[in-house]
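J.: Top line first, the protein sequences correspond to chains A and B.
Take the first sequence: its position 34, counted from the start at 1, is 34 in our numbering, and no numbers get skipped.
When you read off a place in the second sequence, starting at 1, and then add 1000, the result is the number in our numbering.
Careful: at least some of the hints might be erroneous.
[Claimed, not checked] Heads up, simulated DSBU-like pairs for lysine-lysine below, C-alpha to C-alpha not over 35 angstroms straight-line:
no. : chain 1 : residue 1 : chain 2 : residue 2
1   : B       : K1018     : A       : K70
2   : A       : K69       : B       : K1055
3   : B       : K1003     : A       : K56
[Unchecked claim] Restraint-style ranges between C-beta atoms, simulated for each label pair:
no. : chain 1 : residue 1 : chain 2 : residue 2 : range
4   : A       : G59       : B       : T1111     : 31 to 39 angstroms
5   : B       : D1028     : A       : L61       : 24 to 32 angstroms
6   : B       : V1113     : A       : S68       : 45 to 53 angstroms
Treat the hints as calculated values from the structure; they're not laboratory data.
Please read these numbers as outputs of a predicted model, since none were measured by experiment.
All residues carry an ideal CB built from backbone N, CA and C; glycine is no exception.
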Amino acid sequence: SQQGEEDPQALSIQEGENATMNCSYKTSINNLQWYRQNSGRGLVHLILIRSNEREKHSGRLRVTLDTSKKSSSLLITASRAADTASYFCATDNNQAGTALIFGKGTTLSVSS
Amino acid sequence: DVKVTQSSRYLVKRTGEKVFLECVQDMDHENMFWYRQDPGLGLRLIYFSYDVKMKEKGDIPEGYSVSREKKERFSLILESASTNQTSMYLCASSLGIVFTEAFFGQGTRLTVV
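Kindly produce the complete structure, drawing on both the sequences and the hints.
T.: Have a look at this one:
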C-alpha cells in the first residue's frame, strides 16, 4: 500500500524559479525522507526530517513537516536545469519491522 | 562511499524462465530491499530483509522470492517470469529503518518476452 502521495504529479518551471512539491501520508511516522531520481537511474537521498522536527534546510532545499496534517513539502529554490528529475517522498509507518514506503513521485522539468 | 551494485543494468528473459537479480552492498548494512518501479505507480516494495536468512514480504511479493545467505548480498528470484513482471527493479540497503537513509543501486530494467 502506498504510504506517501506526492502532489503535483508533474511540474514545469523556468530556471531561477522555485519549485514546491508536497507529500501526504496516512499513518504516524518516525521520519520522512525525500529522494531524487534522474531518468532511468537509481534514487539518491536528499534529506531526512524526523517526526519531531518542523523544518530542515540543505543547500537550496527546504523541507517542512506537519505531523498534525500528515504532510510535508520540499522546496527547491533558484531551480536549475540540472534539477530536472523525479522526486519521491518516503516514510516508515512507525512500526517495528517495516521498510520505507515511497509515493508515486513528482516529475520536475526545469527549462533554461 | 556506500555502494550498492546490481548485477545487470538491462536484462531480457523469456516467459517461464527462472530469473535471478543480484544485489551487493559494501557497507555492512543490516537492511536490504527490493522494489519495482512502473510508470504511474511509483516504487512498490517486493521484499525486504533485516538480517541474514531473514525476509519479510512487502506489498507485492506474488511471483517473487528472495534469498539472503550473506549479509552483503540480497537476491530477487522470479520463479517463472511473466510479461507482467517487465519492469525496473531497484535494490536498496540501509543501516537501520529508523532515522537512516537508503542507498540505491542503479536499477535493472527487466524485459520479459
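J.: Next step is simple, just say for each hint if it's right about the structure.
T.: Structure-based check of all given hints:
no.: 1; hint: B:K1018 with A:K70; in the structure: violated, 42 angstroms
no.: 2; hint: A:K69 with B:K1055; in the structure: holds, 33 angstroms
no.: 3; hint: B:K1003 with A:K56; in the structure: holds, 26 angstroms
no.: 4; hint: A:G59 with B:T1111: 31 to 39 angstroms; in the structure: holds, 37 angstroms
no.: 5; hint: B:D1028 with A:L61: 24 to 32 angstroms; in the structure: holds, 29 angstroms
no.: 6; hint: B:V1113 with A:S68: 45 to 53 angstroms; in the structure: holds, 50 angstroms
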